[in-house]
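Which chain is which? The protein sequence lines are B and S, in order. First residue of the first sequence: 1, per the UniProt record's numbering; consecutive thereafter. First residue of the second sequence: 1, per the UniProt record's numbering; consecutive thereafter.
Keep in mind that the hints were calculated from the coordinates and are not lab data. Some clues are possibly wrong.
Note that the list lumps identical chains together, so a pair holds whenever it fits in one copy or between two copies.
Below are the BS3-like pairs computed for lysine-lysine, each with C-alpha atoms no more than 27 angstroms apart in a straight line [claimed, not checked]: (1) 144 / 109; (2) 220 / 191; (3) 109 / 147; (4) 154 / 144; (5) 188 / 54.
Source: prediction; values computed, not measured.
Given next are the chains, with one letter for each unit.
Protein chains: 2
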Amino acid sequence: MLKHYRLDNKHSKALKDFDPNDTAGFKDKEKILAEFEELKEQLQEEQEKLFASKSHGVLIIFQGMDCSGKDGVVKKVLSGLNPQGFRAESFKQPTSDEALHDFLWRTHKVTPAKGYITSFNRSYYEDVLITRVHGNIDGKEAGKRLKHIQHFEKLLTESGTQIIKIFLHISQDFQLQKIQERMENPEKLWKFDPSDLEERRYWDDYVKAYENVFSSTGTKNNPWYIVPSNHRWFRDYLVLKIIVSAFKQLNLAYPKIDTTQFNSLRPVPVES
Amino acid sequence: MLKHYRLDNKHSKALKDFDPNDTAGFKDKEKILAEFEELKEQLQEEQEKLFASKSHGVLIIFQGMDCSGKDGVVKKVLSGLNPQGFRAESFKQPTSDEALHDFLWRTHKVTPAKGYITSFNRSYYEDVLITRVHGNIDGKEAGKRLKHIQHFEKLLTESGTQIIKIFLHISQDFQLQKIQERMENPEKLWKFDPSDLEERRYWDDYVKAYENVFSSTGTKNNPWYIVPSNHRWFRDYLVLKIIVSAFKQLNLAYPKIDTTQFNSLRPVPVES
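Extracted from the complex, chain B is given alone in its bound form (with noise of 0.2 angstroms):
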């Protein structure tokens, strides 16, 4: 099933192959919702396996266009994850520090070690996307940076970082009616910017960086996924099942302790 969503050197597709209403047969959250908890319980114990065994490191990188659910996505299918062995980061504008660096400095520094999960609500990406649609930098720029990323998720790789890449799909009109919405709930007029109306107006310009970097940085290793993403339900069952997949993977395993050392040991009472 997870083939299907897949982007990789050998799936070349275009984003408009992909419906943003699909939800693969289901009818409604209902049908999902036992293995949707069950996935749950399962990636609670591959991250306690991650975080005793330090042999691997997972990182989760969730791209997609305004009000495709970045945020939610973390906040549903995330939250029961273990504080302790997992970090959200989120990227925004780049801070004046920030600027001074390459652009990976900033989030290479926030990377996983062996043992522990991030993940980026926005990414290194954006160094080919957002600039990319405003022209702050052309396309021979846009060229040289994906080489990079290619080159960088390589090195995290080879170093045992097991990346998973997530491109949350929605439609014009689900982004339109997700603003309205905003504008109109106070409970959710916070998460409006104005900006939002301005960006909508360069969809294609965006579809067309997204299409290149799916070409150039999904790979048989670290493929993209393409999650639809107009009925949430969908998407945060979609996105679980990915990620529990990756982890499946990664054949992790509690370390093999050698437990005829403790044979001299024994726990004794503490005397009062």
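Given chain B, put chain S in place with the hints provided.
Leaving out everything else, chain S in the frame of chain B:
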């Protein structure tokens, strides 16, 4: 003169082709003293322009065998810099946190921002030197890491960081003499490390590993400089000359500011 000490794609030489006793014809310290002071002033002026313009960052990497004088050169050559725009970093055995990340992680996060100078006393090059010599990684892994270093230095260079790579070149006899001095002088004893005596036995392996580093990573833009270091005064002089020369090639200038915008401003004394 500097060309003679330069190693890049076009000028490939073996380490034994460089004489650690070389002083470029200078008889003693007195002969270069005036120029040394003059160069130090020039470096301070260059640092000021770097800080004002924020056009580049400068990364100075010092590598060399034990006792080659990496600590000394930082003290003697870089001590006149404005500390506000300069940081001296030093890399020892990785900490447990560092060891859980890719090998470029700990150095990347302390690379200089534009406007700043950072010196590395040892660097990511240790990850293809000491580890290679002691068999912690094999030739294949070393080759991969050298490729990552190439890409990493390209990233920094394209982002405006000038990298200056300096190898402090001493002889085996000189090293022995320095180790003996450390063991006998109570004020130097704290620098003596018994493992230095052990490491000496790997001299030829280190030479081989270094020559591999030079041929893989000495490029036109980021050459290696082999600095004869048996004579401390010549070492300091040549290192300073290399650094100042690298700065001059950046053509740094104070930012041009349109002063007509200040025409309406008139500084007036504050009435007390």
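Structure-inconsistent hints, enumerated in ascending order: 2 and 5
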